[in-house]
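Novice: If you're matching them up, the sequences are chains A and B in order. FYI, the numbering for the first sequence is 1 to 655, going by this note's numbering. FYI, the numbering for the second sequence is 1 to 425, going by this note's numbering.
Please keep in mind that the hints were generated in silico from the structure rather than gathered at the bench. Every residue, glycine too, gets a C-beta built ideally from N, C-alpha and C. Do not rely on the hints blindly, as some may be mistaken.
[To be verified] Label pairs and their computed distance ranges (CB to CB):
1. Phe-107/B - Lys-486/A: 53 to 61 Å
2. Arg-232/B - Thr-223/A: 38 to 46 Å
3. Lys-80/A - Pro-206/B: 56 to 64 Å
4. Gly-403/A - Ala-214/B: 48 to 56 Å
5. Asn-293/A - Leu-157/B: 51 to 59 Å
6. Asn-293/A - Leu-302/B: 29 to 37 Å
7. Val-141/A - Leu-302/B: 26 to 34 Å
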Amino acid sequence: MIENRKFIIIGVFCLVGLIYAARLFYLQILDDSYSLESSSNSIKRVIEIPYRGQIYDRNEKLMVYNTPVYDLYVTPKRVKIPDTLAFCRMMDVTRQEFDSIMDLAKTYSPVKPSVFLRQLSKEDYARIQDALVDYRGFEPVMSSMRTYPAHTMANALGYVSEISKKKLENQETPYYRQGDYVGHNGLEEQYEVELRGRRGIKYVMQNVRGVAKGSFKGGEFDTAAVAGKNLYTGIDVEVQQYADSLMQNKVGSILAIDPSTGEILVSVSAPTYDPNQLSSRFFSKNYRKLIKNPYKPLINRPIMASYRPGSTFKLIQALIAQQQGSLFTNTVYGHGGSPMRCHCHGGNNLRGAVRFSCNPYFYQVFRKYIYHNGNPNTFKASAVGLQEWHDHAMKFGIGQKLGVDLPSELRGNLPSVETYNRLYKSELSWKFSNIYSLSIGEGELLISPLKLANLAATLANRGWYIPPHYVKGIGKIGEGIPAAFKEKHYTDIDPKYFVPVIEGMRMAVMAGTVKRDADIPGIELCGKTGTSQNAKFGHAHDHSIFIGFAPMNNPKIAIAVFVENAGWGGVAAASAAALVAERYLKRKNEAQGLKLQEWLMKQNYMPPLSMLPKPRTPKKPDSTAKQPVVKDTIRKPRPMMTHNDGASRSTVGGN
Amino acid sequence: MARNAELTRNIDTITLLLYISCVLMGWLNVYAAVYSPEDQTSLFDFSTNAGKQLIWIGTSVLLIICVLVIDHKFYDTFAFVFYLFMIAMLLLVMVAGTNINGSRSWFKIGSFTLQPAEFAKLATSLALAKYLDQPGINLTKQKDLLWIGGIIGLPALLIILSNETGSMLVFASFVIMLYREGLPGWIPLTGITLAALLILALVVPPLYLFAGIAVLCGIVILLLPRYNRTARSMIGIGLVGVAMMITATGVDFFVNKVLQPHQRNRIKVLIDPNVDPLGVGWNVTQAKIAIGSGRLDGKGFLEGTQTKFDFVPEQSTDFIFCTIGEEHGFFGSLIVIVLFIALVSRIVILAEKQRSKFARVYGYCVAGIIFFHVLVNIGMTIGLMPVIGIPLPYFSYGGSSLWSFTLLLFVFLKLDSRRTNSLFN
């Protein structure tokens with residue numbers, strides 16, 4: 001019985017043989033669509049790369065579009081060049097370059113086309129088009145190049161260039177091929193999938209001479225290309241360009257937000273570069289130059305730089321202390337009992353303390369806050385108080401990523417109980433006297449301009465913020481915005497506690513720490529200056545900070561400005577902020593503003609080259625090189641050890 | 001010369017001729033696949049795949065001589081030793097192997113690579129033969145089935161761990177031998193049904209699939225002999241149908257809801273290559289075009305266009321059948337299929353003649369393995385099987401594959417020659 005199974009098995013073998021023979025009969029004889037018209041025809045796969053989406057500003061002004069260019073492909077097997085030297089001269093390449101490109105192409109495949117020259121402009125192409133007839137094996141392919149008519153915001157936009165080897169290998173689903181263009185950094189990387197669209201594949205029949213003979217099988221296997229979606233940003237490009245001009249000869253950033261929506265209006269990183277530099281065929285050369293520049297123009301400072309917030313942090317202190325119940329509008333502190341120096345006359349109430357940025361006042365506020373829990377053991381009380389402080393300050397987005405729609409946002413640092421336990425090697429080994437520099441935004445605090453702008457927006461909204469973001473619409477204004485950019489985050493501060501703080505900020509601009517000219521009429525700017533210490537360069541080169549919003553009621557713009565090395569106080573930063581706010585609110589600058597503008601534009605705060613660290617050996621100038629992160633820049637301050645009172649007295653200065 | 005004659009005297013001539021035809025045709029087609037009219041190379045140019053294949057063929061002849069010289073008892077006696085050695089090699093390759101195309105399953109010695117998974121089939125076949133050779137083994141007993149499952153499962157698991165899914169699936173071919181040795185018929189039937197359901201559930205919309213299953217159950221009931229058409233048998237068939245539907249729904253749910261999109265694509269692409277028109281889909285379309293363009297008598301040796309210029313990927317290894325289809329047309333393809341069916345049938349016939357159970361079981365293993373490779377490899381190029389990268393025996397370019405199939409076959413022929421010998425003794 002079981003022996004008979006051999007017949008079943010041989011039967012199955014024969015059955016499979018028959019089925020396969022029948023299938024082959026169908027494929028090879030009955031279905032002649034697979035057999036091409038003549039034996040020399042073949043099918044070519046043509047990849048259609050769709051247009052990359054354009055980028056617009058909030059008023060639908062074009063910021064990025066595509067210019068048609070030509071990529072020249074070479075098929076090494078078919079190449080016939082009568083005079084190589086003449087050819088090189090025409091193509092504007094050296095003999096060595098020519099040889100290395102051809103070698104590379106041959107290694108890839110002698111019979112498949114590979115790139116010979118990329119991104120020939122229309123003019124270049126017109127010049128060589130006629131001559132190309134004499135040279136066989138070269139084939140032009142239409143392509144496109146990013147063009148930036150506004151010449152601004154290079155850092156936040158990012159750039160488009162050939163995909164790096166690492167990215168190519170790390171794809172989850174294979175989409176990109178070698179030589180494909182892909183967004184790097186900035187919005188181009190963040191919104192890559194939306195901007196690129198989906199490429200299509202066409203199967204085209206062609207004869208031996210490569211002449212297309214129509215689509216294969218009526219296009220049954222073709223997929224259509226889907227054009228990339230346009231990206232609408234909240235940027236106001238006109239104000240952006242104006243802010244750029246204010247930051248000439250300065251290092252730093254300006255970030256402005258519409259507080260009611262969280263949309264970023266202005267995003268300046270200075271010094272910067274013209275984005276068009278990284279989209280031509282001279283990409284490598286220009287990239288090499290930028291990466292060698294000691295002022296690091298490739299860093300997107302608004303999100304990648306960290307500073308100590310300085311006196312601007314007093315605003316958070318004032319709010320959370322009121323909420324805690326340890327500070328009242330009419331609380332008055334003098335200068336006595338504080339290890340800090342101050343420039344003001346002392347004896348202020350809360351409004352006055354904000355107005356004059358009184359250091360001893362906020363020393364007392366913070367002390368009261370930390371010890372408010374009443375624990376008799378000052379070490380324990382400090383730990384409990386700091387934990388409360390940490391948790392509440394975090395509600396303002398400090399010490400965490402806000403989730404802005406750019407890659408490489410920094411977390412910054414908001415010191416917690418653990419931070420000091422680590423610093424002082426054990427628990428309960430530190431107390432208020434070790435951490436009091438936090439009261440005026442010094443010490444271990446680290447913050448990016450983005451977070452300070454967000455703080456300005458939170459103040460403008462009297463207690464909530466929407467995470468700052470660039471996108472205002474994908475495909476259409478208002479569409480495709482991630483839900484996270486519509487969600488309000490509350491700080492759990494009662495709106496009434498904002499009243500004295502904001503009044504103090506208004507007075508600071510009118511007659512306080514700010515240069516008098518910055519109070520431009522009709523703007524109603526409320527603000528707070530700060531100085532971020534820059535111990536490395538000496539106090540003459542402290543960073544000038546200003547955060548604020550305008551107008552006072554129903555604010556339309558919240559703004560944070562950092563001007564590096566501009567010296568003590570917020571003079572430079574406040575002037576820039578006032579001018580940007582005026583330009584945004586009034587669309588023009590009036591008499592007083594123009595005077596201020598003239599003064600500000602004349603200021604040169606570029607640190608001398610001799611003070612900058614030597615540039616690292618430049619990386620290979622290809623797109624695989626990453627942008628340097630802020631760790632390597634001059635700006636990251638070392639956490640200041642504050643347990644030595646004598647030392648901190650001389651270094652802690654407010655404004 | 002005399003020694004040679006003695007060595008080959010009792011070797012089955014038909015099998016030997018089939019083997020030689022396959023290897024020679026394979027070599028010529030590897031040459032055709034890499035041949036370029038603009039850059040003519042010799043068949044004997046050792047820098048091309050064709051030249052290298054000739055080296056593999058030469059070394060295979062040496063292997064054959066070794067196999068024939070060694071005493072037949074050697075394979076029987078050391079079957080388990082081979083098996084354990086193989087397991088050790090599979091473990092070692094995971095640690096010390098070289099990563100080629102995403103799977104760490106190759107030993108690299110100089111420019112020479114060797115894939116132990118290829119040889120695992122031989123060792124497992126010998127071990128199975130040895131195990132089943134014991135008296136009192138019964139394939140309806142659970143204990144024996146568990147042991148056999150273990151012998152097959154262990155190397156299969158190790159191979160899948162080194163990411164060689166294709167080679168692992170080959171171990172399913174042992175079911176042919178087990179069926180012959182008395183495995184209850186419902187086990188392979190259930191297996192085939194499950195595999196078919198898995199594939200159908202991914203390709204056919206659930207509603208159609210349910211309708212199809214219902215119709216199938218109806219037909220089975222109608223086909224039942226009248227005396228068997230009881231309520232009980234009908235309910236039984238109905239239950240089987242419902243079970244099939246539940247399985248199909250489960251697969252559908254798992255693939256579409258539980259898996260991540262990119263994992264889903266990886267599975268779907270196995271079944272329906274058009275899911276990934278740039279990758280696997282491209283291969284299958286090109287393979288079909290190449291074969292289809294061969295028509296009745298093909299374009300002639302070295303005249304193919306589709307299998308040159310890299311239109312068909314892996315054209316000298318996994319997709320070698322395309323070259324045959326394009327250059328030699330329907331006739332050529334048919335000859336290859338007939339050759340293979342003749343080879344596996346011949347092995348089965350020889351296996352049935354064996355006096356020792358060891359030789360018979362081993363013979364069936366060999367037939368099953370070769371059959372499975374042919375089934376999947378040719379099936380994939382003509383769009384009847386999912387794209388699983390396993391070679392076409394004796395045709396595909398590659399040393400490990402040619403060596404392992406040669407060893408597999410000639411160990412059997414050596415065992416078989418012993419049978420004829422004994423007639424004279």
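Novice: Work down the list of hints and note, for each, if the structure agrees.
Specialist: Hint check:
A hinted range of 53 to 61 Å for the beta carbons of Phe-107/B and Lys-486/A is consistent with their spacing of about 57 Å. Evaluation of the 38 to 46 Å hint for Arg-232/B and Thr-223/A yields a failure: the beta carbon distance comes to about 53 Å. Taking 56 to 64 Å as the suggested C-beta distance range, the pair Lys-80/A and Pro-206/B conforms, at roughly 59 Å. The hinted window of 48 to 56 Å between Gly-403/A and Ala-214/B holds, with their beta carbons roughly 52 Å apart.
Between Asn-293/A and Leu-157/B the beta carbons are some 57 Å apart, a value that agrees with the proposed interval 51 to 59 Å. In this structure, Asn-293/A and Leu-302/B break the distance hint of 29 to 37 Å, their C-beta atoms being roughly 59 Å apart. Checked against the hint of 26 to 34 Å, the pair Val-141/A and Leu-302/B passes, with Cβ atoms roughly 32 Å apart.
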